[in-house]
Structure formats: C-alpha cells, structure tokens
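Asks: For the sequence shown, the residue numbers in mature numbering (1 follows the signal peptide of the UniProt record, and there is no 0) are -21 to -1, 1 to 357.
It is worth saying that the hints were derived from the structure and are not from the lab. Any given hint might turn out to be false.
[What the hints assert, rightly or not] Each computed BS3-like pair below joins lysine-lysine, with the alpha-carbon atoms no more than 30 Å apart: (1) Lys66 <-> Lys149; (2) Lys166 <-> Lys297; (3) Lys78 <-> Lys132; (4) Lys66 <-> Lys36; (5) Lys202 <-> Lys249; (6) Lys210 <-> Lys249; (7) Lys249 <-> Lys297; (8) Lys166 <-> Lys126; (9) Lys66 <-> Lys132; (10) Lys210 <-> Lys314; (11) Lys36 <-> Lys166; (12) Lys186 <-> Lys36; (13) Lys211 <-> Lys273; (14) Lys210 <-> Lys297; (15) Lys333 <-> Lys273; (16) Lys211 <-> Lys66; (17) Lys149 <-> Lys186; (18) Lys166 <-> Lys314; (19) Lys132 <-> Lys36; (20) Lys333 <-> Lys210; (21) Lys132 <-> Lys166; (22) Lys282 <-> Lys297.
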Amino acid sequence: MKFKKIFLTATLAAVAMGMSAQETVMVEESETVYRPNWYVQGQFGFQETLGETSFGKLMAPNAQIAVGYNFNQVVGLRLAANSWRSKAALSLDEHYYWKWNYIAPMLDVTFDITNLIGGFNPDRLVSFGVFAGVGANIAWDNGEAVKINDMLKPTIGGENVLRNIWDGTKVRMAGRMGINLDFNVAKNVQFGFEAQANFLNDDYNSKLAHNADWYFNFLAGVKYTFGGNSKKSTKMVAAPVVPCEPQIIEKIVEKVVEVPVAAPAQEQAKAEPLRRDVLFAINRSTIANDQQYKVKEVIEYLKANPAAKVVVTGYADKGTGSRAINLRLADQRSKVVAKAIIAGGIAADRVVTKSMGDDMYQPYIDPIQNRVAICVAE
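With the hints as extra help, turn the sequences into a complete structure.
Replies: Spelled out as structure tokens, the structure:
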C-alpha cells in the first residue's frame, strides 16, 4: 500500500524560566602554594670591628654555616655558627692592633619581607629579608692584647691600659640583627648576600668604653632547600549553573493517507564545528566563573554529536613572565579545560590537549586574549 503523509506543525515558543536543571560541571583547580622547608647554608666574607681607627684597618676573615626551617612563606628559624677572627685597636702616641678568635652560635628569627608584601611567587627571582637573633660569643687566644697591655703598663704606673683585659676562654651573651638579599638560581638553590650587626658587653675588645662592643659581618654564600619551597595544590569545585536559553519546541501532528511512494529522506546535515576561547587571568590556570559557560557549551556539543572530538590548545602571553613560566602556563591551561570537559561526561579519548610550542606562537595581537585555551570541536 502507498501512503502520503501530511504534517501539521504547530510552533510553540517555550520560554525557559531560568529554572536551572541543576547540572554542574566539576572543575579541577590547580595552584602553586608554599611548602614549609628545611635548608642548609654556607657563607664566607669579612668582619669589621667598631674601633679607634678608619674602616678597613680592623677587617678580618669571617665564615658562617647554618641550618634553618621556614614555617610559612614569611617566618622561619635559623641556627647559625659564625666564626673566625675579630680585631681591635688602641690609639695613643701610635696605633696598637691585636686579634683573637671566636665562635658565635646564634638562633635567629627570619622574616621574608618580599613574601610579606607581595605574596608568595615561586618564580620570583629576588627576595629580601630581615632577621634578629640571640646567642653566645665564645672567644679565646687574646694573647696579643695581653702583651700590649703588659708592655704599656709601666707608662701609667703599673695600671692596666686595657681596662677590660681578659685571657683564656670567655663566653658572653650576644645579640644581632641583619638583612639578606637572595637570588633564586635553581629550584632548590639560592645565592645570597647578608649583612649583620652584632653586639655584646663592653669587655669583648679588652677596652673600657662604658657601652656595648659591636662588630659587623658581611657575607656571601649558597643556600640549599630540601624539596624546594613550593608544591601543587588541586581541588575539585562545582562550576556555577548557566541559565538555560529560550527554546523553540515544535509539535508535529501526523495524518496518513494513500499516496505514491515518497523519495528516501536526505541524510542529516553534518554539524558545524564549534570553537570556544576560554580566557584566563594573568599567571593563572584556573577557569574563572565567567568562562565556565564556554566549557559547558563544548560539553553539550560533544554530547549532541557523539562522533565529534575536541582539541584544546593552551597559550600564554609571551610578553609577560619568563619563557619557562609561559610554557608551563600554556600546558596547565589546556589540561585544566580538558579535565573539566572530561568531568562533564565526555570520554577522555575524545579530548586532545596541545599547548603553544617553543616558537611561542601567539594567536592574537592583544596580550590579554593570548592568555587562553582554544577549544575546537568537530
């Protein structure tokens, strides 16, 4: 029997009332956070003692070894042993100089001022800090001062010229404060400079002055951090619900009558490719709330077209940050968008990730638009 079909189409405008279907896309947020760490440090330099002569006359070699722990990105503790030699001078008719040895174990509280003001940044090249500490100064081998004092005694009737002369080994309480400037030369290695002001009681240099004795250390050295000072932190968060767009719903009424055989129906037209640019904030690889709807549109396209795949290509603005940072950001951006698409119910083998290569290709002129993961689904 032959049939003819007559279709009556009633087009109804069904306006979506913003009732969210409560569909959520779980997105993995990734960021670099501070990692508490142990470190060791070795430094060499020179010491200058405050005394009765010009700068440089009392210069002596100096060295320090230390071990420390950073509790967070700002505050830490350091146990250091500073040692070598101190010098002093006496000016009468002529200048008299002497030296002695010491070691000063000190416990410092350290503060990273750069992180305190600017926040933690694992890619920062230079950091500035301050510290303050207390400890002991253990001094010995003051024989040169004893000889000078004995030589000058007859000139003042047998009295000590060096009123605070000492011999043997002396232990004194000491304090210090200082500043440091460190340069990140590798993931776990810093090269830095340090300046210290140390103070202790009046008899350190054997002279009586009724005030504290001071010596200043200027050091340069290397610090090695065990395990580095940063780590990746990830968490899954629900993307906000995207309001539904108004939809057109068609109702079809069918009536069957006898007609000649109809021609075969044409094959359904192939879906047009879909492109969405997911933009990111500077130095970030987290999908912003106002970009989540683009990810959902890609997911809906792939669900509606089971044979389609999507290629996600990450980029970074090459005019901001170093080459290494930009290549890492581009890779992270493509992967975080891909993970969001897979989390939305799309098979992993339908999602391909890429990132800009060593040529640092930029898809746009505007640097803001180059902080992007471009999704092409077809």
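Asks: All the hints need checking, so say for each whether the structure fits it.
Replies: Results for each hint:
| no. | hint | result |
| --- | --- | --- |
| 1 | Lys66 <-> Lys149 | 16 Å, holds |
| 2 | Lys166 <-> Lys297 | 22 Å, holds |
| 3 | Lys78 <-> Lys132 | 19 Å, holds |
| 4 | Lys66 <-> Lys36 | 9 Å, holds |
| 5 | Lys202 <-> Lys249 | 62 Å, violated |
| 6 | Lys210 <-> Lys249 | 46 Å, violated |
| 7 | Lys249 <-> Lys297 | 37 Å, violated |
| 8 | Lys166 <-> Lys126 | 52 Å, violated |
| 9 | Lys66 <-> Lys132 | 21 Å, holds |
| 10 | Lys210 <-> Lys314 | 18 Å, holds |
| 11 | Lys36 <-> Lys166 | 40 Å, violated |
| 12 | Lys186 <-> Lys36 | 17 Å, holds |
| 13 | Lys211 <-> Lys273 | 26 Å, holds |
| 14 | Lys210 <-> Lys297 | 24 Å, holds |
| 15 | Lys333 <-> Lys273 | 18 Å, holds |
| 16 | Lys211 <-> Lys66 | 50 Å, violated |
| 17 | Lys149 <-> Lys186 | 15 Å, holds |
| 18 | Lys166 <-> Lys314 | 23 Å, holds |
| 19 | Lys132 <-> Lys36 | 25 Å, holds |
| 20 | Lys333 <-> Lys210 | 24 Å, holds |
| 21 | Lys132 <-> Lys166 | 59 Å, violated |
| 22 | Lys282 <-> Lys297 | 35 Å, violated |
Comparing the model with each earlier hint shows violations of hints 5, 6, 7, 8, 11, 16, 21, 22; every other hint is respected.
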